[in-house]
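Asker: The residues making up each chain are set out below.
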Amino acid sequence: MEHSNEPYKYAAHHSEEEGKKTRRMIWNMFWVLLAITSVEVGLGLTWKELAIAWSWVKMTFIILTLAKAYFIVAYYMHLKHERTGLQNTIIIPYVLLALYLIYMVVTEATYTHYMEYLF
Amino acid sequence: MSHTEVVDSKTAWAGDNNSPFGAGYGKLMMWFFLMSDALSFTGFLAAYGFYRHDYSAIWPTAENVFTHFPFVHSHQPLLYVALMTFILIMSSVTMVLAVEAGQRMDKGAVIKWMFWTIIGGLIFVGSQAWEWMHFIHGTELGAMELGIGTVEINGVIEQTQGIIGRWADDSKQVLMLPWRETLGDVTSPYITLEGDALKAALANAHEIHGANLTHNEYGHPLFADFFFFITGFHGTHVFSGVVLNFIIFVNVIMGTYEKRGHYEMVEKVGLYWHFVDLVWVFVFTFFYLV
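Protein sequences, first through last, are from chains S and P. When the letters of the first sequence are read in order and numbered with my numbering, they come out as residues 725 to 843. When the letters of the second sequence are read in order and numbered with my numbering, they come out as residues 19 to 308.
Since the hints were made in silico from the structure, they are not lab data. Incorrect hints may appear among the rest.
[As the list claims (entries may be wrong)] Derived lysine-lysine pairs resembling BS3-like cross-links, with alpha carbons at most 30 Å apart:
1. K744/S to K125/P
2. K772/S to K782/S
3. K125/P to K286/P
4. K125/P to K745/S
5. K745/S to K286/P
6. K744/S to K286/P
Only chain P is shown next, with the shape it has when bound in the complex:
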């Protein structure tokens, strides 16, 4: 070794078989990738925060939008998304248990915990699809998108074009506008239209059900746009995480890492999987809670 430089693509970058920070090449690159990916999500959430703040008077609250729970017909705000969060945290636990088993070279335990991680990931993606379905289909009652006109809100004349009003109940006699009686206070009752004022407002309104990129039964269309974009981008990450986990899972079963002498590959996909959980922690807070 005295005069020839020994370079092994598996172990070193260059030089003395030393890797910076004492971490393998793949693991370091995974960390750098995750850092840049985290910045993408920060950008999305910052943009969401900007528009949420800009339209804070008429922005829908998530607890009025996501109220469904499988097999239950009553109004259950937040519960389903709380369950999804729990499932994703749980799959993060099984993933870190798989990494721990790999460091003891316990192949059986790695297989077991990776299996449960993949199952958890699939349940989460399925739950997201279910929630999208409900969001896109909307409610039977629907909502009214108002046409050109004005309405006086707390002494200020507001344009009504494009404003979404929701019915107070099935009788369709009272329309709730997105504004509150006390500005900025979300516990204050909604400003409502009824009688002749309602008839006048509905003259050039049309009924909408569910949400897409241009119309949103639950409120401002940008809410739907950000919902599709951010949860969609996160869902894509969960899906690709499941695919990566599955590939590594097959390799573990075939004994690839047993032969290699270490399970660092499980650690690398583990980092990616924890990152997916980490992003969801923020999406959950900023989309569903705040």
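For reference, chain S alone in the conformation it holds in the complex:
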């Protein structure tokens, strides 16, 4: 096999200047993730005393978790700055199949409860 002498062009490189900006972004994201986790743990420990309805607490946890997931995937895994084609290739199949799984769980859970109610 013949090998080309063209340098590998897909590895990302950046200058000292851009590096400084990237590092600032990394640490900003760290504080965001830490803040979200602290809110989650704080809410988990105090919601009974604060007398917040469990369904609200649950929804808050799920929204905060999805926010954390977005920040990790978009910034730390750099997906936000990849080409749109790559973003879609990863996100669309995942979301479709995950929604299908959730659909299965919800319908089966309803069915199971219905059967328990009947028998």
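Start from chain S and add chain P according to the hints.
Answerer: Here is chain P on its own, set in the frame of chain S:
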């Protein structure tokens, strides 16, 4: 180049030395692998959600199960797992700093940040082992697994076989059943057994300590099964992530990527490591919080 097709396994899939989406082959494959792996974890968590919902009346709450903190004897719900989460987020930060250093071709910084990532990963795996140990050993007080019989709960006759009752305190005079006085409200007090009713219920009960795949001191055995399976599968990922990071770490020290002219390999293991952190974010929410 006019009549011969130049194919270089390092740079191209085929054709004009162009890779789809402007990303290298290895990086793309890592993304596809992570997507399928994410679906596996989604499946596990969906199955967990199904059974948690199905047995919601008698499912244990994690804050009553994971209450230990190293060197502290008091009841500390959630704190240790919060610390583990912090350590894993921190190691994700050091990993992305290693990737950033690689893009500046700063070998020293890559070594430094990858070293801290590996240390963070090892601490996390160790913490998980410690938590498993406590979960498997259980408490000194233990719990009672009830035998065949019935008990009236909110006007409904429930079977007691296999139901786990926990002692209200060390005197073992009051047994708390997993049901609540107000159905579905986790702030409502537990339904308790004492006196003659307790004696009758304990006639064919047996004491259990800790958890394994068939018995679980803290509540329904499926809780233990899912705990072992999901945190175990995640722990395996953390462990293999540490191994991959270590291999790349050695390569960085030996100057492999300096010679190659780019540190894309660090970026690829970085993607895997962030994914491990990402999965933990969901495990933490659905296992420990919800």
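Asker: Now tell me if each hint is right for this structure.
Answerer: We went through each hint and held it up to the structure:
| no. | hint | in the structure |
| --- | --- | --- |
| 1 | K744/S to K125/P | holds (16 Å) |
| 2 | K772/S to K782/S | holds (13 Å) |
| 3 | K125/P to K286/P | holds (17 Å) |
| 4 | K125/P to K745/S | holds (19 Å) |
| 5 | K745/S to K286/P | holds (21 Å) |
| 6 | K744/S to K286/P | holds (22 Å) |
In terms of the numbered hints stated before, the structure departs from none.
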